[in-house]
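J.: In case you want the letters, here they are:
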Amino acid sequence: MGLDVLIVDDSAAIRKILLRVLAQTDLEIGDVFEAGDGIEALTILEAKKVGLVLSDVNMPNMDGLQFLTSMRSRPEWNAVPVIMITTEGSQAKVLEAVQLGAQGYVRKPFTAEQIKEKISSCLSVAGK
Amino acid sequence: MPERGWEMSFQEPVLTDDEVVALIWSNTEKVFSTMLGLTVKSSLAPEERIKALRKGGVVSLVGFAGRWRGSGSIRCSGQLACSISGKLLLTHFDYVNDEVLDAMGEIANMIIGNFKDDAAYKLGPLGLSTPTVIYGNNFEARNWNGESWITVLFDCDGELLEVNISLVPGHVLGEAPRPAGVLAPAMWENKIIDH
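The listed protein sequences derive, respectively, from chains A and B.
Using my numbering, the first residue of the first sequence is number 32, and each one after it goes up by one.
Using my numbering, the first residue of the second sequence is number 83, and each one after it goes up by one.
Errors might be hidden in some of the hints.
[Claimed, not checked] On the chain A side, residues computed to face chain B include the following (Cβ under 10 Å):
| no. | residue |
| --- | --- |
| 1 | D41 |
| 2 | A44 |
| 3 | N89 |
| 4 | T118 |
| 5 | G120 |
| 6 | K139 |
| 7 | S152 |
[To be verified] Label pairs and their in silico Cβ distance ranges:
| no. | chain 1 | residue 1 | chain 2 | residue 2 | range |
| --- | --- | --- | --- | --- | --- |
| 8 | B | L126 | A | D62 | 45 to 53 Å |
| 9 | A | K79 | B | L126 | 47 to 55 Å |
| 10 | A | G61 | B | L172 | 22 to 30 Å |
| 11 | B | I132 | A | T100 | 45 to 53 Å |
| 12 | A | E77 | B | D239 | 42 to 50 Å |
| 13 | A | I70 | B | R149 | 40 to 48 Å |
Source of the hints: derived by calculation from the structure; they are not laboratory data.
Just so you know, even glycine gets a beta-carbon here, dropped at the ideal spot from N, CA and C.
The following block holds chain A by itself, in its conformation from the complex (with noise of 0.2 Å):
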């Protein structure tokens, strides 16, 4: 059984760029879900089982710190896996994304080789 991954990001152009890289990975991946905010991503959750989250930061309507939160106050989702991909790039931001419980952090703009990179140490932290 594959890995199900969720992406989160309101450019539909970096899902887009995300769904080619993940299908790059020598990982077995199943379903890719895709969300425009966190409100949206919260919502997949809720049906979906998913193995990795890759979020943005900078979202309309629930930013990807807020989703954060939201995910690490659920039991259920707290040792998934959340890997921020974003433009945010300031000392801060990246502060609180580790302390509420992102595994890992890459700034846009990105290479493909840096996601997969980023992708394999944080599933091999979370024993995946």
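Keeping the supplied structure of chain A fixed, place chain B upon it in accordance with the hints.
T.: Same frame as chain A, but now just chain B:
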């Protein structure tokens, strides 16, 4: 010190025009080389080409908020927007559609967002709005805060790409939040700086 229409009321760090230009350059080069595999060069385009560019095309705007406020934008022709978006998404676009507009918004978000983080080292924390992208003909743009934009012109695959930044201290604009920018049949007052 840059020539500005406002004066600092107290001693605080500022970015000089040269520093703004250097940050525009480094971040535009980084985004284009990393995400698109493209190199950008300095452009010495004749005035007519620049004027033609500013009569339409694709404009992506991102607003700054915080102690310093303003906006950043990128502008190019529809044709170049299709080419950039095609390289980003590994596909081909014959015309500007929603996918192209979304891709151009993300390119602006990355260039202006990275600029913001670099500028924040000197200016303090800055917030960033989500991008607004406009495509059309016969429109010009004006910065709401009345300041000149600092503009860097790039040559990308033989086409012009313009990156603009305008930042002013919040106290100059008052406490009320202002829009990031406005597009209207008005003059876009640019300060073009060759790199």
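J.: Under the constraints set out in the numbered hints, which ones does this structure not fulfil?
T.: As far as the earlier hints go, 7 and 13 are violated by this structure, in ascending order.
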